[in-house]
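Two chains, two frames, some hints: make the complex.
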Amino acid sequence: MACSLPPEILDLIVDHLRDKPSALKKCCILSKSWVPRTRRYLFARIRFHYARRSIESWKLAFPDPSTTLAHHARTLSFREQNPSALADPGVGCWIRALHRVEYLRVNTLGRSHGVSFVQFHGFSPTLRSLTLTHTSIPLQEIFNLICSFPLLEDLGLITVSPKRDADGWCIPSTSPKLTGYLKVNGGLRSVVRRLCDLPSGLHFSKIRVSHDNEEPTSATDLVSRCSDTLKSLIVSHYASGGFIPASVIS
Amino acid sequence: MPSIDLSKAAELTHVVFRCGRSTQWVTATVKTAKSENLQQITVSSFAVGLAQIEGAVYREWEDLDRLLVQLWTSRSIRPRVRYKRGKGEDDRDLASKLLPELTKRGVVDMVECD
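Each protein sequence line maps, in turn, to chains A and B.
Under the numbering used here, the letters of the first sequence match residues 2 to 251, in that order.
Under the numbering used here, the letters of the second sequence match residues 170 to 283, in that order.
25 Å max Cα-Cα, derived DSS-like pairs, lysine-lysine: (1) Lys184(A) / Lys203(B); (2) Lys232(A) / Lys184(A); (3) Lys207(A) / Lys200(B); (4) Lys207(A) / Lys203(B); (5) Lys232(A) / Lys178(A); (6) Lys207(A) / Lys232(A); (7) Lys184(A) / Lys177(B); (8) Lys177(B) / Lys178(A); (9) Lys266(B) / Lys200(B); (10) Lys200(B) / Lys184(A); (11) Lys200(B) / Lys232(A); (12) Lys207(A) / Lys177(B); (13) Lys273(B) / Lys253(B); (14) Lys207(A) / Lys184(A); (15) Lys177(B) / Lys200(B); (16) Lys203(B) / Lys232(A); (17) Lys60(A) / Lys26(A); (18) Lys253(B) / Lys184(A); (19) Lys21(A) / Lys33(A); (20) Lys232(A) / Lys177(B); (21) Lys200(B) / Lys273(B); (22) Lys207(A) / Lys178(A); (23) Lys266(B) / Lys253(B); (24) Lys203(B) / Lys177(B).
I should point out that these hints are in silico values taken from the structure, not numbers from a laboratory.
Same shape as in the complex, but just chain B (with noise of 0.2 Å):
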């Protein structure tokens, strides 16, 4: 999935991702951010049972897992998640299926949307 080129965006602070289930082309795109002003990343997701994805997907909110710590403890960037919870859903289950490592660390802020 083809990601956005930031590197040349030197200002900027917030960068707001919405997305589906599919997250290989944040973690693409997030790479690309070389701002040194970036205070806070935040991915939106409006997928519904995001706590039941297995699979390729799933391995790609690994990757985002990834990166997002490596952004934090290098950078100091703030991740934050938004999503919509399903049916039977728990905030914690959730965050921590979906960014373990992050969840870990107490270091994403989970937001649910509307």
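With the rest of the complex left out, here is chain A (with noise of 0.2 Å):
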């Protein structure tokens, strides 16, 4: 029954199903016609959760890079509790496959030791939204990998609480335009100054901050930054008679 339908009416089923993930996989096995359709959708998200086993068994089931369906991947997402998983050596060779993702989400849980995004760096060229949460690792090492991707609008530093930089810091050469919403908790100061740094400068059109007594200075300049092309503010304030939860500012 499935050949005899046209393919668009194939397309337009599977295009429905795209948010049901157990559908598409049922579709995958009703005939290989609906096979190379519903690829598109189930690897259209991928994510490395506890990295490393992770990545092992996307290496085992794709051992030839160039040949995987990476190329459907538009979110990548990693969460690792052992971060220098993503240092290893091996990563670079097969994240450049993924060199369609426009959503990367990198959280790894607090711990810095080891972290690496070297190999990550402009790996896709049409990457347009980076969340980086639970993280300490140099503003340097963060910012060096927000400027290798020259499509960024989004950007999204959730926890972050910045080691100073050991060898100062480094104004980069190019940047990312940064057209769209920024998510700045913890740190505000630190990477504010920043990305004040950037050459080609800030055009956020929502910007969404937590700040403490200590900030608004900080806040303020964002503001200004992006004076031209801001047209939503999210603040919260930490010490205004309360505690934020977490799960209030996510």
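Here you go:
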């Protein structure tokens, strides 16, 4: 029955099920002709939680990076208690296969030892959104990663407690235009200081920041820098009579 | 409590303030907003038991109430308040206690947050 349907109708059915992975998996085993269509969505979001283990599984399933289904991936997410897994020499090889990713989320669960994003630099020229969560790696490392994506629009630095840059701060020579959404929770002063140094300036249209009593000037600086583009602002204040739970912020 | 200067944000249309009980910094920040495009100001309080506030904190809400009324009448900027309801608290009581003038005029949207 599946073969008798015109391809446009099949596409329509699969498109309709794009957010239902279990239904897509069933479609996949229904007919061979459905497989390529469903893979487009099944591999659109790739999550490596407990990254070391899942990266190994990925490499086992797709030993040749050039023939994987990675080109379908649009959202890539890492969550790792031992973030040094992301710095393994083998990562660079297969991460390049994910060259059409638009959204990247990395959560290092507060660990910073051995973290390096060098192999991630510019891996996807189409990356539009980057979110780093629970990380305490040096800001230079974070900003080098940011500046390696020329089309980056949205930036999220959540519960970032940046380590002091051991070798000083070196301003990147180029930077993305950053026209979308900025979300900063934690380390606002340090983050804003670095953001203001970026050569292409700041053009965010939506900003969401959490600040404490010592950081209003940082928030003001940020607003001033985006004065021509800023349309929406969400401000949380830590000390205005209560503690803001992380769940509320996120 | 220090405020944020919004005077340069000429294109600003929506502002959301997430605060506890104290709203002094919100009032001070809103006063700096000069954007002619500003359409909505949301005050989102995560504090519980707002109906019991009194003293200096209550006066802060009064100041905010006055300012939001002024912005509504002069620039048609719609205020919106998100709050956490305490046990036995009624929406209308809470609104009339915190923002009496806005409530009287029926221009504030009160929304309960989860």
